[in-house]
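Chemist: Sequence:
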Amino acid sequence: MTKGLQMKELTKYYNEGSNRIAALDHVSISVEPGEFVAVVGPSGSGKSTFLSIAGALLKASEGEVKLNGNNISALTAQELADTRLKEIGFIMQSSNLVPYLNVLDQLLIIKRMSGKVKREDKEFAVKLLEKLGLGSKLKSFPEELSGGEKQRTAIARALINDPNIILADEPTASLDTKRAHEVVSLIAQEVNSGQKAAIMVTHDERMLEYCDKVYRMEDGKLSLQQAVKKSNLKEPAGTR
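For the sequence shown, our numbering begins at 857 and goes up steadily by one.
Everything labelled a hint here was simulated from the structure, so no lab data went into it.
Here the structure is a predicted model, which means the values were calculated and not measured.
The reader is advised that the hints may include incorrect statements.
Said to hold, decoys possible - In silico DMTMM-like links for lysine to aspartate or glutamate, alpha-carbon gap of 20 Å or less: (1) Lys-974 <-> Glu-935; (2) Lys-1077 <-> Glu-920; (3) Lys-983 <-> Asp-1018; (4) Lys-922 <-> Glu-865; (5) Lys-915 <-> Glu-891; (6) Lys-942 <-> Glu-865; (7) Lys-922 <-> Glu-935; (8) Lys-922 <-> Glu-888; (9) Lys-974 <-> Asp-1018; (10) Lys-1034 <-> Glu-1065; (11) Lys-942 <-> Glu-979; (12) Lys-942 <-> Glu-888.
Stated by the list, open to error - Just the calculated beta-carbon pair ranges, DEER-fashion: (13) Ser-917 <-> Lys-1034: 36 to 44 Å; (14) Lys-995 <-> Ile-877: 46 to 54 Å; (15) Asn-871 <-> Leu-994: 45 to 53 Å; (16) Ser-899 <-> Asp-938: 44 to 52 Å; (17) Gly-900 <-> Gln-1051: 27 to 35 Å.
Glycine is no exception: its CB is placed at the ideal position from the N, C-alpha and C atoms.
Please model the complete structure; the sequences and the hints are all you need to start from.
Modeler: Written out as structure tokens, the structure reads:
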């Protein structure tokens, strides 16, 4: 069975009056386990539509999406919800943390959505947060965290169910250079160590050095821009 994420001949149409607009135009991409891919391009080029279809949030008009060999294009709404919860980790432009939950509970609420929280779930969450340099912040609330700490919490939340796929939408948009490198370095390390397939939509060219390949989206079409030699992954600030 083929692992990772495969998208084949994806097209997404929208109707505008009597016109049919192709937000995506026969897009194909394959992202293997352990591969970190960036997608760049101007606003309105189709990047958000592309990521929404990759994340099972939106269905394509044509084409197919396979996750670890399974065609998710044909799944029911409930099956898609289960797939998003168990197999896909989302890291958004803003951390989207729940204001009234502390850092540890930000992760455990995801486990509660899957069922009961077991002792080993809590232990795994604590270890994950410690690994990401948040061991001293377990009981802190979002308002007490820096921008970088919020995004690291969001990364931990995306990883708590050990997903096969990581999708990041402009994860450095609100961060300074140091924190941006810290966050994307962490994502790259998790992709490599956990053999996860990852796609990052970004306008931030500083972050492309962490990626294996860079694709460009323009007018709904996707093309390979370059294969990038990864920089040596440094230990992110705050993880010591």
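Chemist: Run every hint past the structure and note whether it holds.
Modeler: Status of the hints after comparison with the structure:
With a C-alpha separation of about 24 Å, the suggested pair Lys-974 and Glu-935 falls outside the 20 Å cut-off, and the hint is violated. As the CA atoms of Lys-1077 and Glu-920 are separated by approximately 16 Å, the hinted pair is consistent with the 20 Å bound. Annotation: proposed proximity of Lys-983 to Asp-1018 holds, straight-line Cα distance about 13 Å (limit 20 Å). This hinted pair checks out: Lys-922 and Glu-865 have alpha carbons roughly 12 Å apart, not beyond 20 Å.
At most 20 Å may separate the alpha-carbon atoms for a hinted pair to count; Lys-915 and Glu-891 exceed this at roughly 24 Å. For the hint pairing Lys-942 with Glu-865, the CA-to-CA distance comes to about 25 Å; that exceeds 20 Å, so the pair is violated. Only pairs whose Cα atoms come within 20 Å are accepted, and Lys-922 paired with Glu-935 is accepted, the gap being roughly 14 Å. Note on Lys-922 and Glu-888: the hinted pairing holds, with a Cα-Cα distance of about 12 Å set against a maximum of 20 Å.
A threshold of 20 Å between alpha carbons decides the hint, and for Lys-974 with Asp-1018 the separation of about 15 Å falls inside it, so the pair holds. Restraint check for Lys-1034 and Glu-1065: satisfied, since their Cα atoms lie roughly 14 Å apart, inside the 20 Å limit. At roughly 18 Å between alpha-carbon atoms, Lys-942 and Glu-979 fall within 20 Å of each other, so this suggested pair holds. Under the criterion of a C-alpha separation no larger than 20 Å, the hint pairing Lys-942 with Glu-888 is consistent with the structure, at around 18 Å.
Ser-917 and Lys-1034 have their C-beta atoms about 42 Å apart, which keeps the hinted 36 to 44 Å range intact. Separation of Lys-995 from Ile-877 is about 49 Å and conforms to the stated range, judged on CB atoms against 46 to 54 Å. Distance hint for Asn-871 and Leu-994: a CB-CB separation of about 49 Å, consistent with the stated range 45 to 53 Å. Judged by the Cβ atoms, the range 44 to 52 Å given for Ser-899 and Asp-938 is violated: they are separated by roughly 32 Å.
For the hinted restraint 27 to 35 Å between Gly-900 and Gln-1051, the CB-CB distance of approximately 34 Å keeps it satisfied.
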